[in-house]
Amino acid sequence: MAAIGIPGIAPELEAELALGMQKVESLLLSHIQGDYPLVEETSRHLVAAGGKRLRPLLTLLASHYGDKNRFGIIESAVVCELTHVATLYHDDVMDEARLRRSVESANSRWGNTVAILTGDYLFAKVSALLADIGPEAVRLQASTFERLVIGQIMETQGPQNGEDALEHYLQVVADKTGSLIAASARFGAMVSGAPDEIKETLTVFGEKIGIAFQLADDIIDIASDSHQSGKTPGTDLREGVPTLVTLNLMKSTRSEDKKLQKLVSAPIKDEA
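When we follow numbering that gives the first Met the number 0, the leftmost residue of the sequence shown carries the number 0, and every step to the right adds one.
These are calculated hints, taken from the structure and not from any lab test.
Treat the hints loosely; a few may be bogus.
Said to hold, decoys possible - Calculated lysine-lysine pairs in the BS3-like style (CA-CA distance at most 30 Å, straight line):
hint	residue 1	residue 2
1	22	51
2	22	198
3	198	67
4	22	67
5	124	67
6	207	22
7	250	207
8	198	124
9	51	198
10	22	124
11	51	207
12	207	67
13	51	67
14	51	124
15	250	261
16	207	124
Remember, it's a predicted structure, so these values are computed and weren't measured experimentally.
Full structure from sequences and hints, please.
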């Protein structure tokens, strides 16, 4: 049975999670099947490419605070992963990315229109699962999706006059990344029937984990190459999108940082 990769985890829990993740993977692949070969091919493209599966794993973990065998837990885990994958199709179009999960991005392979519509198709498949789980799940997904979109718009717009750039960035990260990871934990607790205080605590925990995850990802975007990260590096730098790294650089008063500050203060066109 595949290892989960959590240091110090009890063998019994690891075995349960591994079995649960196998069920998630099976439903993930079967649920995106369709009658149109191209739609199925484009939908499977990033799902089959792998990924960390952090969000569904967190859903399964959180379900252990209630009845982990309830209907809807595996389905909720798939909702979280499919939502994440759908946003990747859209993100890659916006970023003009060439790589994702160490494979050619959908927009590079099939063009922007097909990539966008594939993301939309996956959101439709998510809606079908949510309808089976119940209205509370639909409400959670709706509020999460709202935050995802707002976070992306805020990032695109940038901080307004008088707004602290670091506070703006952290709010973007909380909405764009933290919200879905928070929802992943909340889904597991909610569907399993965990107590309200546990549900709220896990939601806060998930958001903080999501923010930390995005901070690390922003560093990886600058410090690693495509072979290490599996995606197009330097996307934020090229687009002039501020991250924690560049915001801290711009606050520096050291003379040796002046040249670098000038370089990153605007979108970088030269990939060299």
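Practice item. If any of the earlier hints don't hold here, list their numbers in rising order. Key: No hint contradicted; all consistent.
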